[in-house]
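Novice: The listed protein sequences correspond, in order, to chains A and B. Counting along the first sequence from 1, when you hit position 88 you're at 88 in our numbering, and nothing is skipped either side. Counting along the second sequence from 1, when you hit position 136 you're at 136 in our numbering, and nothing is skipped either side.
Where hints are given, some of them may not hold.
Intra- or inter-copy, both count: the list cannot distinguish identical chains.
Pairs of lysine to aspartate or glutamate, EDC-like flavour, derived with a Cα cap of 16 angstroms [claimed, not checked]:
id, residue 1, residue 2
1, Lys220, Glu198
2, Lys189, Asp53
3, Lys7, Glu121
4, Lys39, Asp134
5, Lys117, Glu137
6, Lys20, Asp134
7, Lys189, Asp55
Honestly, the hints are just simulated from the structure, not real lab data. No experiment lies behind these values; they were computed from the predicted model shown.
2 protein chains.
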Amino acid sequence: MHEKVLKAVPFVNWLNGMKKTKLNLNEVFVQSVDMFGPKVGFIKFKTVVTDVDGDSRPVVVFMRGGSVAILVVLVCKGKEYGVLVRQDSVPTTQPLFPAIPAGMLDGNGNFGGVAAKELEEETGIKIHASELVDLIELAYPDGKYEGMYVSVGGTDEFIRLYYVRKEVSEEVLKDLEGKETGLAAENEKIVLKVMPLENLWSYTSDSKTLSALCLYQNLKKMAKII
Amino acid sequence: MHEKVLKAVPFVNWLNGMKKTKLNLNEVFVQSVDMFGPKVGFIKFKTVVTDVDGDSRPVVVFMRGGSVAILVVLVCKGKEYGVLVRQDSVPTTQPLFPAIPAGMLDGNGNFGGVAAKELEEETGIKIHASELVDLIELAYPDGKYEGMYVSVGGTDEFIRLYYVRKEVSEEVLKDLEGKETGLAAENEKIVLKVMPLENLWSYTSDSKTLSALCLYQNLKKMAKII
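This is chain A alone, in the form it adopts within the complex (with noise of 0.2 angstroms):
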């Protein structure tokens, strides 16, 4: 266990990420490991740093890497959808919560074509990784970050979030809502929601849904994305 843990690839990324700043690091103490399989899933872990003042603070990790999500606008008869994903949270007891399409990245770079994957696993919507527009690149220019980060006081946790937008007709549409998708291997349960994109942001508080939009909206007003 001990050995996976010291290659997972968030580990790895973490470890030469604390090297880069002046924070010492005293210690750390695996307190559990999540496998998925065989690939180490989740690691939970605490640790103590010693600041350049030599003040040391304890800090709890809920490591669990990267992930993709998508703002999909489908465009019909000139009017702006959104597309989610609804099922159940578990961890926060939302039923059928929804959240625009998203997974996890599973250690390597490509996290566009892991979005175009996840996207139709999850929607049936066909896309090529080159029609995505990299909201977070657009905003954060040069590598500044990897993603919008979900909590930094707890976790690792980043999401790089994309933009697609696709013309598409009433039938299309008509087809999407309601539709019931998912990995049955995963019992993974899943209902798409349609809805116009102007009313998105007051259906759900979800943090990948609100900050995609605020990403695309404050781009869209720099006529940075169309």
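Keeping the supplied structure of chain A fixed, place chain B upon it in accordance with the hints.
Specialist: Using the frame of chain A, we list chain B on its own:
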């Protein structure tokens, strides 16, 4: 420890929340508990749920309860400024990562009071809880959501987002910029950043900052806030 977990507010809320869903809880295996002094801080557990179709799946939960965050808009000579607190984030290895002021809830439901206290601790800005505009209640009326959910697949964490607007003099604005704050007792070191509100989204990829801005901008568009 067992007793303390069963009495912890986030865990009690979660058990009650699960009873309202159609999911069946088969087991809860607590993997680790982080104490903050005498109080339960974080609980990490695994559970297996069965849905109405009889299909089961494992879920891992990093339980940390709720927090509050405040979008502070300072108005000086007709121009709007946003306030960010910058502090080292060990989980993401981001030095002096900027985000709107925030703090954890300690279990009680007095969100506004905690928000006002955290704002003063982190920035020195004194406000009364009654001055806070509850963006969550405005965007999701009738208690639809407790807050913005940071990562619904892995944690119960929700952030109650607030907004406060204050006219200030040039002196106050100048004093805030670069000021060092934070609770010495917790070795919490914070540097303030004051910047034009319109640029806030491009300065940080923090979920609570982007989500609060999204709600603020859209509620403003609908004339629900000033």
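Novice: If a hint holds in the structure, say so; if it doesn't, say that too.
Specialist: Evaluated hints:
no.	hint	result
1	Lys220 x Glu198	both (14 angstroms within a copy, 13 angstroms between copies)
2	Lys189 x Asp53	between (51 angstroms within a copy, 11 angstroms between copies)
3	Lys7 x Glu121	neither (28 angstroms within a copy, 40 angstroms between copies)
4	Lys39 x Asp134	neither (27 angstroms within a copy, 42 angstroms between copies)
5	Lys117 x Glu137	neither (20 angstroms within a copy, 36 angstroms between copies)
6	Lys20 x Asp134	neither (26 angstroms within a copy, 38 angstroms between copies)
7	Lys189 x Asp55	between (48 angstroms within a copy, 10 angstroms between copies)
Of the numbered hints listed earlier, those contradicted by the structure are 3, 4, 5, 6.
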